[in-house]
Amino acid sequence: MNCRKNDKNRQNGFTLLEVIAVFVVIGLLSAVAMSRIFSAKDYSVIAEADILKSHLRYVHMRSLSDVGTWGMSFNGSSYTALQDGNPATIILPNENSATHTLPDGITVSGSTVTFDEWGSPGTSPVSITVSKDGATVETIVITAYTGFIQ
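In our numbering, the protein residues as written are 1 to 150.
Check the hints yourself; a few may be wrong.
Claimed, not checked - Restraint ranges, calculated between C-beta atoms of paired labels, are given here:
no.: 1; residue 1: S54; residue 2: A31; range: 39 to 45 Å
no.: 2; residue 1: I20; residue 2: D104; range: 41 to 47 Å
no.: 3; residue 1: P125; residue 2: S30; range: 37 to 43 Å
no.: 4; residue 1: T139; residue 2: V19; range: 43 to 49 Å
no.: 5; residue 1: S127; residue 2: S30; range: 36 to 42 Å
no.: 6; residue 1: G68; residue 2: G134; range: 32 to 38 Å
no.: 7; residue 1: S109; residue 2: G85; range: 36 to 42 Å
To be verified - Below, in silico cross-link-like pairs of lysine to any residue (SDA-like), each with a Cα-Cα straight-line distance of 20 Å or less:
no.: 8; residue 1: K132; residue 2: I51
no.: 9; residue 1: K53; residue 2: D116
no.: 10; residue 1: K53; residue 2: I20
no.: 11; residue 1: K53; residue 2: T146
no.: 12; residue 1: K53; residue 2: Y43
no.: 13; residue 1: K53; residue 2: T129
no.: 14; residue 1: K53; residue 2: N12
no.: 15; residue 1: K53; residue 2: A31
no.: 16; residue 1: K53; residue 2: N96
no.: 17; residue 1: K53; residue 2: S131
no.: 18; residue 1: K53; residue 2: S127
no.: 19; residue 1: K132; residue 2: S65
no.: 20; residue 1: K132; residue 2: N96
no.: 21; residue 1: K53; residue 2: I37
Quick caveat, the hints were computed from the structure, so don't treat them as lab data.
These numbers were taken from a predicted model, which means no experiment stands behind them.
Glycine included, each C-beta is placed from N, C-alpha and C at the ideal position.
Work the whole structure out from these sequences, hints included.
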């Protein structure tokens, strides 16, 4: 290459290709950093809360299609579907029984919720707490009278 000291036509700066390469490297580094920040355990707690909501909705729908009451009882590391106050003989969706056992470190607490034949849990809202290692991650609220699960 011929490079003169006093070349007035020479331009300084970055090419478009160099700028794009830098942005790609920054994007890859930030993707790796984000994956390290949000561990799989954090996602498992949120997933368990979503599974609980779907099981509650299933029991709620069963109460609307039956004359008896349906509900859910909570026992720290597991919860069980109830039919007329007794453990149900049904199988919860994507489970092998009427009981769902939570992974280690995840707990669920709340009073037993019972839906009548109209799908109502009663005259006051019901709160269910999903925790990881004692810290509350999500609180599920079942609306009074309607049984809407938030």
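The hints, checked one at a time:
1. S54 to A31: 39 to 45 Å: 30 Å, violated
2. I20 to D104: 41 to 47 Å: 45 Å, holds
3. P125 to S30: 37 to 43 Å: Between P125 and S30, where Cβ atoms are some 41 Å apart, the hint holds.
4. T139 to V19: 43 to 49 Å: Holds, since T139 and V19 (Cβ atoms, about 46 Å apart) stay within the stated range.
5. S127 to S30: 36 to 42 Å: 37 Å, holds
6. G68 to G134: 32 to 38 Å: Since G68 and G134 have Cβ atoms about 36 Å apart, the given range 32 to 38 Å holds.
7. S109 to G85: 36 to 42 Å: 20 Å, violated
8. K132 to I51: OK: K132 and I51 at ~15 Å, within 20 Å.
9. K53 to D116: 18 Å, holds
10. K53 to I20: Not satisfied, since the Cα-Cα distance of roughly 44 Å exceeds 20 Å.
11. K53 to T146: 15 Å, holds
12. K53 to Y43: 15 Å, holds
13. K53 to T129: 11 Å, holds
14. K53 to N12: Violated, at roughly 60 Å.
15. K53 to A31: 30 Å, violated
16. K53 to N96: 18 Å, holds
17. K53 to S131: 14 Å, holds
18. K53 to S127: 12 Å, holds
19. K132 to S65: Roughly 34 Å between the alpha carbons, so the hint for K132 and S65 is violated.
20. K132 to N96: Violated: K132 and N96 sit about 24 Å apart, past 20 Å.
21. K53 to I37: Given pair K53, I37 is violated - Cα atoms ~26 Å apart, limit 20 Å.
In summary, the numbered hints that this structure violates are 1, 7, 10, 14, 15, 19, 20 and 21.
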